[in-house]
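A.B. asks: If you want the building blocks of each chain, they are given just below.
2 protein chains.
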Amino acid sequence: MQRVIATMTISLDGIGSGHNQTEERPFGDTSSELIHRWMFETPEENRAEIDEIVSAGAYVMGRNMFGPVRGEWDRDWRGWWGDDPPYHAPVFVLTHHPRASIPMAGGTTFHFVTDGIEAALDRARDAAEERAVHVAGGVSTINQYLAAGLVDELMLQISPTIVGTGLRLFEGVGPVDLELVSTRGASLVTHVRYRVRRTAGKEES
Amino acid sequence: MQRVIATMTISLDGIGSGHNQTEERPFGDTSSELIHRWMFETPEENRAEIDEIVSAGAYVMGRNMFGPVRGEWDRDWRGWWGDDPPYHAPVFVLTHHPRASIPMAGGTTFHFVTDGIEAALDRARDAAEERAVHVAGGVSTINQYLAAGLVDELMLQISPTIVGTGLRLFEGVGPVDLELVSTRGASLVTHVRYRVRRTAGKEES
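Each protein sequence line maps, in turn, to chains A and B. Per my numbering, the very first residue in the first sequence carries number 1; after that it's consecutive. Per my numbering, the very first residue in the second sequence carries number 1; after that it's consecutive.
Read the hints as simulated data drawn from the structure, not as lab findings. Even glycine gets a Cβ: it sits at the ideal position worked out from N, Cα and C. Any given hint might turn out to be false.
[Claimed, not checked] Some chain B residues close to chain A (C-beta under 7 Å, calculated; not the full set):
#1 G106
#2 T109
#3 H111
#4 D126
#5 G174
#6 E179
#7 T183
#8 G185
#9 Y194
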């Protein structure tokens with residue numbers, strides 16, 4: 001059974017990113033360091049989780065997670081990750097503005113989907129075949145998929161910080177019933193994994 | 001070193017209680033069952049944590065955690081917990097309305113403190129002697145103590161549910177730097193424990 005897994009690092013107060021993203025500040029007003037220290041300072045301690053985050057058969061991500069360009073694609077932006085992004089698989093980017101697909105080194109190809117979150121997920125499901133599809137972020141993209149009842153699992157990394165302001169995971173999503181699958185504490189992060197049992201009246205499949 | 005520990009059960013989206021508390025609904029619009037299932041359905045699996053929650057030398061709690069009475073104490077409300085509350089120690093209730101202390105069975109005494117959160121904590125510290133002081137809730141009381149830099153540790157129980165609306169722990173608290181002390185996953189709850197390193201510019205002691 002192919003699973004759709006939403007993955008994200010958040011602060012203890014649920015902030016995944018700051019407001020006012022720019023090219024220089026991919027996470028906006030919130031210092032990425034506050035939230036993502038675990039990934040950069042303790043990669044070996046968290047190798048299994050990092051490997052899994054980039055193990056999907058295909059990815060869906062929002063336009064802001066892909067880059068700072070708004071509106072038309074009036075520049076040749078190819079993501080934040082250099083020539084060889086860590087995904088090594090098709091990545092479907094949600095946008096309102098058509099753009100030709102971009103093959104990158106290492107097997108990552110960015111595809112641009114203009115007909116909504118369900119269409120993007122359908123394409124990712126087809127591309128992933130039996131492997132998992134990851135909804136890789138950002139905050140509003142995961143919230144949209146959760147609210148639509150399209151997420152099977154949440155794989156979260158909770159950083160030991162209270163940020164205070166920013167884009168909050170789960171905001172506006174409404175009630176979701178979860179089942180705890182696993183938790184692991186590391187020195188700079190708590191890994192938690194949940195299965196989605198029911199979203200706003202939608203029964204589990 | 002005497003520690004001040006804030007203890008609370010929250011949903012994954014940080015909700016500790018609903019709006020519109022009444023005597024019939026201590027947790028307001030949010031069903032307590034959504035958040036507190038772990039405590040009622042799996043007490044043995046969580047015995048160590050439950051025992052610790054009620055192990056303090058003294059407690060501080062907000063008026064709403066103590067009861068539904070607002071304004072003057074115009075009725076003989078003695079808490080939600082019956083004749084023998086689980087605290088077995090002095091409990092300092094924050095209120096703007098004076099009231100004589102109420103000794104209960106089993107060693108719990110409710111004291112009513114009208115001169116603010118620092119005064120209540122001072123009295124609890126004295127009463128607890130070398131033992132820990134617990135800030136037992138509710139949400140706004142813990143948020144006030146956190147914002148004031150008066151909490152040494154957070155002992156949270158995170159329930160596997162997204163509630164959507166209600167009183168949110170950490171709201172308005174501002175940046176707090178934490179250190180993960182421990183985490184444990186049980187079938188209906190994730191226990192996490194943090195040491196507070198710094199609150200809004202206040203250095204750790």
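A.B. asks: Taking the hints in turn, state whether each one holds.
C.D. replies: Structure-based check of each hint:
1. Annotation: interface hint on G106/B violated; nearest CB of chain A at approximately 33 Å, more than 7 Å.
2. The criterion of a C-beta within 7 Å of any C-beta in chain A is not met by T109/B, whose closest approach is roughly 33 Å, and the hint is violated.
3. A distance limit of 7 Å between C-beta atoms decides the matter here; for H111/B the minimum to chain A is near 30 Å, and the interface restraint is violated.
4. About 29 Å separates the beta-carbon of D126/B from the nearest beta-carbon of chain A, more than 7 Å, and the hint is not met.
5. Residue-level restraint check for G174/B holds (minimum Cβ-Cβ distance to chain A is 5 Å; threshold 7 Å).
6. Annotation: interface hint on E179/B holds; nearest CB of chain A at approximately 6 Å, less than 7 Å.
7. The interface hint given for T183/B is met, as the beta carbon of that residue sits about 3 Å from the closest beta carbon of chain A, less than 7 Å.
8. Interface hint at G185/B: satisfied, since its Cβ lies 3 Å from the closest Cβ of chain A, which is below the 7 Å cut-off.
9. With a least beta-carbon distance of about 6 Å to chain A, the hint placing Y194/B at the interface is held under the 7 Å criterion.
Hints 1, 2, 3 and 4 from the list above are not met by this structure, while the remaining hints are.
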